[in-house]
Amino acid sequence: MSKYLRGLFILTMVASLIGCKKKAFDEYYAAPANLEPAIYQKLEARGNFKNLLALIDKSGYKNTLSNAGYWTLFAPNDSAFTTDSEFLSFLKSRNINSIDAIDSATAENIVQYLLVFNGFNRDRLDDYQSNLGYVANAAFKRRTAYYTGFYNDTTATGQPIKAIQSNRNGGTLYYVLADNSNKYIPYFTSQFFSNLNLSATDYNLFYPNTTFSGFNVANAKVTQQDIPAGNGVIHLIDHVVYPQLNIDQYIRTKPEYSEFRSLFEKYMVLFIQNADATRRYQVLNGTSDNVLVKVYSSMLAYSPNNENFFKLQDNDGQRDGWTMMAPRNDSLLAYLNRILQEGYGSVSNLPLNVIADLLNSHMWQTTLWPSKFVATNNFLGEAAHINLATNVIDRKVLSNGIFYGTNKVNEPNKFSTVYGKTYLNPKFTLMTRLLDNELNGIITNPVAKYTLFMMPDAVLRARGFDYNSAINQFTFNGVGNDSVRLSLIRILNSSVVQTQKGELDNLGNPGFTGTGIVTTYGGEVLKYNGNTVSSAGTVDRGLTVRIDSVKTASNGRVIYLDNLLYYTYQTLGTHLSALGTPTTSEYNLFWNYLRNSTAFDGTSVVGMAGGTFYTMFVPNNNAIRAAITAGLLPGTVAVPNVNPTTTADKALVEKFILYHVIDKRTIIPDTKDVGNFPTLLKASTGDPIFVNIQYPAGVFEISDVANRKSRLVPVVPVNSNLSNRTVIHLIDNYLKY
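Numbering follows numbering that gives the first Met the number 0, in which position 286 of the sequence shown is assigned residue number 285; successive positions increment by one, without gaps.
No false leads were mixed into what you were given.
Restraint-style ranges between C-beta atoms, simulated for each label pair: (1) Arg337 / Ser261: 16 to 22 angstroms; (2) Thr153 / Ser193: 43 to 49 angstroms; (3) Gly541 / Gly510: 22 to 28 angstroms; (4) Val704 / Gly501: 31 to 37 angstroms; (5) Ile392 / Asn467: 45 to 51 angstroms; (6) Ser212 / Gln158: 46 to 52 angstroms; (7) Asn706 / Thr628: 15 to 21 angstroms.
Taking lysine to aspartate or glutamate pairs in the EDC-like style, the calculated list, with each CA pair at most 16 angstroms apart, reads: (8) Lys310 / Asp178; (9) Lys654 / Asp600; (10) Lys426 / Asp547; (11) Lys550 / Glu341.
It should be emphasised that the hints constitute simulated quantities derived from the structure, not laboratory data. Here the structure is a predicted model, which means the values were calculated and not measured. All C-beta atoms in this analysis are idealised placements derived from N, C-alpha and C, irrespective of residue type, glycine included.
Let's have the full structure, built from the sequences with the hints guiding it.
Structure follows, in structure tokens:
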């Protein structure tokens, strides 16, 4: 056989073998004979989807939906295209006057938004695809084939740029090149609603013209579900669901919220040039333009242009999304004008954290469903301060969350409460810093009522206090250490009084002449006389602290003083000595027994620990004489034995003293403390012996274990005396243990 014939034979055999293998391959991998037609052919065979098919043809998706793949398509029928007023308005907004006039780009947008990755029957569609598997009835969105890509934007200064939206929240990782930020399409099933305790009302607030059927896609009802196709699943719908904007895009189109948007754009947005995005854009478009990523500050709850939710799991956008409220321009401007009057004068002078707090009070890191309006907290940890029925004027389900337009600012507690009077005023930066470290979460509680005595920076600095940001410490006369901070905190605690019953509401009123006594948040005691206020420290210094002015907040009043409410550096012993040393003083006999007793260590009563608060009841001279007569103190009425020498007499005096000190509590006659309170005196078992406090006919009364009664002398409570973490009351009887 010639070489030619041998070669021909070999080629023939190889071709035969290849043909056999290809036939076997095709037979093995061929689609099953009973496989359903592809999505495109399925719709074509039905005959009433000509408009949708025309869009699919224009969009370039005919081949995709005619071949392999796995998709879910929400398919509107022909009548939906001609009767859907919302869709026709959407076309009109793009200057498209008829279905036939839809251009290829718009057709592509619509088809992509109706097209969900992977095929889902209804029973699987509302299951969340977590990293650990499906979570039943926990999803109401799916990622579509549609995404925004590069777009034209304008900076806050008016500079036009080529931009791309961030696809992560603020921070160092704000843009991932491989992530196209695909938009989500919302759907609502009865199973999902049941799982979240929602109802048709939650749906109809957003879609008032559509009946909730138990399976809706945006404003459309599903008329037939779970239609199998060779490359996915079809659900037929009665409205054309067109691409929804995200929160950032939506508010850009709404001039009625432009003032609110400008707060973001001016203070919370950066356009950052991105080399990867620029390179990609230049390759695709053959230009030299730079691309900037629109990045929102990490001070915010989230980035309103981020379509991906938190992206803690790949699909977490299926089950949740952002929520934003936006106040109308007139409401916001009126509110800004009001809060700027506190001291900053203009928005540009506000610290960024104040602007961030205002914006974050309108931002929820979750879906704020209508039926959960008052039970879902925003980023600041507060429920909505507006009324859903009367204050919400606009509501939309968008591609990355829910939007509520309002006629009222959702004022944060940090602004409306007494705390706001320091926070929103540049004259109180030191006090604000102290409150942030200690009492912010307490005095911003809108339910609890407080009176806050203000400490201006000027007053604190005049007294030597300041803050050094370089060393991150409070300073006194230029020296910074933690003891300075603790001193300031103690002064601060003397400046906060819980006044749930309006105890100090008359302070600062013209002509006020009342007197009284109150306990501060920190346990210190203040006295007031007319429009002057005193603490133990101001009395020591001989200061008269006057009220300059008063303002009202949502949870109380703020009182501006001309000085600080100092705490005392003197000991209890020093104050008792000053009270009791004069021979004519009603404290004289008690002091003489105390100063010589084993219950006194020279500075305070034995058992009184530093940093703890106490109440001391001092029987007046006649009461002490009665105690001597009753055998509770050594000596006679004529000659009191104030310096006993025997062990028994010393023990008698010590027990007497200890029983007149209430342990770990300052009690004043304000009707707040009622019942049994332990004294420093202990029984043989080690348990404290108690006294009882009641208010018969509104009068402060102390009962001992023998049920004997004592009252304050005189009954005007302002004559109680202030000491170091101790209040001293003069009483008309002794306490028998």
